[in-house]
Amino acid sequence: MEIKVLASGSSGNAYFVSDGKTPLLLEAGISFRLIRQGLNFEVSRLAGCLISHEHQDHARAAHEVMRAGIDCYMSRGTAEVLKLQGHRLHIIEALAQFRIGTWAIKPFQVHHGAAEPLGFLMANQFHEKLLFATDTAYIPHRFEGLTHLMVEANYSLPLLRDNTPSSELRQSILQDHMSLETLVGMLRANDLSKVEEIHLLHLSGSNSDADMFKRKVQEITGKPVYVGGKHG
Amino acid sequence: MEKTPEKKGTAVTKPFDVVALVTTKLRTYTDDKELILPENYSIENALKSAWLVLQETVDRDKRPVLQVCSQASIANALLDMAVQGLNPGKDQCYFIAYGQKLVCQRSYFGTMAVAERVAGASDIWAEVVYEGDKFEYAISHNRKTVTKHEQELENIKPGAIVAAYCVIEFSTSKPSFTEIMTIEQIKKAWAKSKTDTDSPTSVHSQFPEEMAKRTVTNRACKAIINSSSDSNLFLEHFNRSDEEQTGIELEAGIKENANQGIIDVGLDDEEIVEGQLVGTEDPKSPKPSRNPAGLKTVEAMLKACFDDFGLQPKQVLAELGVSGQTEIKESPADCYTRVAAVMAGPKKGPGEEPGF
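So the sequences go chain by chain: A and B.
Read in my numbering, the first sequence has 39 at position 39, and its numbers run on one by one without any break.
Read in my numbering, the second sequence has 112 at position 112, and its numbers run on one by one without any break.
Hints may contain errors.
[Unchecked claim] Below 25 Å or equal to it, Euclidean Cα-Cα: the simulated DSS-like pairs (lysine-lysine) are:
no. : chain 1 : residue 1 : chain 2 : residue 2
1   : B       : 213       : B       : 90
2   : B       : 222       : B       : 33
3   : B       : 48        : B       : 62
4   : B       : 62        : B       : 33
5   : B       : 33        : A       : 194
6   : B       : 222       : B       : 188
7   : A       : 214       : A       : 194
8   : B       : 192       : A       : 83
9   : B       : 213       : B       : 174
10  : B       : 187       : A       : 216
11  : A       : 83        : B       : 188
12  : B       : 188       : B       : 144
13  : A       : 83        : B       : 187
14  : B       : 144       : B       : 222
15  : B       : 192       : B       : 222
[Claimed, not checked] Which bits of chain B does chain A cover? Going by a derived footprint, with three or more residues having C-beta under 8 Å, they are:
no. : segment
16  : 242-251
17  : 254-266
Think of the hints as simulated: they come from the structure by calculation, not from any bench.
Every residue gets a Cβ at the ideal spot worked out from N, C-alpha and C, and that includes glycine.
Let the sequences and hints guide you as you build the complete structure.
In structure tokens:
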């Protein structure tokens, strides 16, 4: 599986994922120009684009991606807020599996202050299974046989307390994003024996520490960990 | 969210130990001039009144909070109450138990009382703006002022709220403070609430005007309180109760709802046509005969039972004689076979293959 992080974080998210046969874009939260650049101007090869929720850092370019002839998949709630329609729009529902090319995808509900936010569990014919979950306080389900993880590690509680002075903002982060501590709980609750790589997404600029997060997750899982696309 | 360390299972047996502890702590604050309590606020009376309320307060399983909650959390909740000068007898705050933790939750009336006392507010009022209203406001020096709001009676419809605003006036020459929230912002604030605000029976659905006014009033009061008080001690307690509640609710939410039942995705039942885009399944297409061995998870089994027999998960669990998914001992395939046998009708003997 090829995973390429075009952008990750509150200023924008876009990820390229391919099993070699069906290339997909997960999120369109950066300008269309940057998406094209990130994909070496081969946007038209994409088989589809999944959008988790309507916030601009995830959906900024959704309209243009559709206009470029790429099918976009999102919940009804997301599409309504984004005011998207047309034959390129596919409405998907939590726990209703669908297919794009060689991928089988099951969306699931996540916990974020948006209309109808989703995470994605995705399998391909090469026995690879990817979990994609960002912008959620926690992940409601457990999974079997995951090989690749792309999960949010937004903040760590002590750093949030020290670095975010506004109580209101702190509360909103608590409710809408996944902490390193919650991620650790999630990693411990799941069977990771088949996991090949873990990508940590959406690290907060002020409330996270990329090196520490990477070290911590590596310690717990013993797996290769990548932070926001950097292999460092 | 700094807290006194919790001692598990230390139910409060001697009430006045806790009251004495909180009184001593408050006295040190007032003696050091870290905290100035309202002139007419008697610590002893407020704590006594709180104790009466606490004796009647129960958790969500109807157990008395004084028996369930830790002594440290009761002391912290009382401290939060007293530092903010709140009186539970006047509905300015109430106490909620989250597991063993007791939290003092300030009410809407409590927030207004604090705004009056700490920020010197002399009048706090809120209005709702409806579709068709003539509403104008100006922004200057980071301060909003409503310059015009004209309303026709026929505009007043609960479904036609476009915004709400709150104006706080001060007894001093300080200019008034205005907070304006659009209905989208208000609904976003409601979405954070633990109650289902979308439900038709919720107070938010039944009295949207009143709730919208409360939401914008709360936000306005919090803003002026945070900018008026120069006491860090006070602000810490003022903001802590909200944040603590968020933290505790989240913790409880994670405990109850995170990393629960297994869900899976697979290509098992479908043949892949290379290079071709396969859309979502057509619900009208005939069902393939099912091989129970293909059901690897409880979730898949429940979905299969729904698809094949129209049974809701609860009904399936009832057929299996269990009350929750975790109690299932058999494999998902065996569960499906058993439910299928029941659904095939009583004519079939137990040894016969269920008909699919």
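Here is what the structure says about each hint:
1. Straight-line distance between C-alpha atoms of residue 213 (chain B) and residue 90 (chain B) comes to about 21 Å, which keeps the hinted pair within the 25 Å bound.
2. For the given pair, residue 222 (chain B) sits about 23 Å from residue 33 (chain B) by alpha-carbon distance, which is consistent with the 25 Å threshold.
3. Restraint check: the Cα-Cα separation between residue 48 (chain B) and residue 62 (chain B) comes to about 23 Å, which is no more than 25 Å; the hinted pair holds.
4. Taking the CA atoms of residue 62 (chain B) and residue 33 (chain B), the gap is near 40 Å; set against the 25 Å cutoff, the hint is violated.
5. Proposed proximity of residue 33 (chain B) and residue 194 (chain A) is contradicted: the alpha carbons are some 61 Å apart, above 25 Å.
6. For the hint pairing residue 222 (chain B) with residue 188 (chain B), the CA-to-CA distance comes to about 17 Å; that is within 25 Å, so the pair holds.
7. With a CA separation close to 19 Å, the supplied pair residue 214 (chain A) and residue 194 (chain A) stays within the 25 Å bound.
8. For a cut-off of 25 Å, the pair hint linking residue 192 (chain B) to residue 83 (chain A) stands: about 23 Å separates their Cα positions.
9. Taking the CA atoms of residue 213 (chain B) and residue 174 (chain B), the gap is about 23 Å. The hint holds against a cut of 25 Å.
10. This hinted pair does not check out: residue 187 (chain B) and residue 216 (chain A) have alpha carbons roughly 38 Å apart, beyond 25 Å.
11. Our distance criterion of 25 Å between C-alpha atoms is met by residue 83 (chain A) and residue 188 (chain B), whose separation comes to about 18 Å.
12. Restraint check for residue 188 (chain B) and residue 144 (chain B): satisfied, since their Cα atoms lie roughly 21 Å apart, inside the 25 Å limit.
13. Straight-line distance between C-alpha atoms of residue 83 (chain A) and residue 187 (chain B) comes to about 18 Å, which keeps the hinted pair within the 25 Å bound.
14. Among the hinted pairs, residue 144 (chain B) with residue 222 (chain B) is consistent with the structure: their alpha-carbon atoms are about 16 Å apart, no more than 25 Å.
15. For the proposed pair residue 192 (chain B) and residue 222 (chain B), the alpha carbon gap of about 17 Å is at most 25 Å, so the pair holds.
16. Three residues within the 8 Å Cβ limit are the bar, and the segment 242-251 of chain B against chain A gives 5, so the coverage statement holds.
17. Counting residues of the segment 254-266 of chain B whose CB falls under 8 Å from any CB of chain A gives 11; the rule of at least 3 is met.
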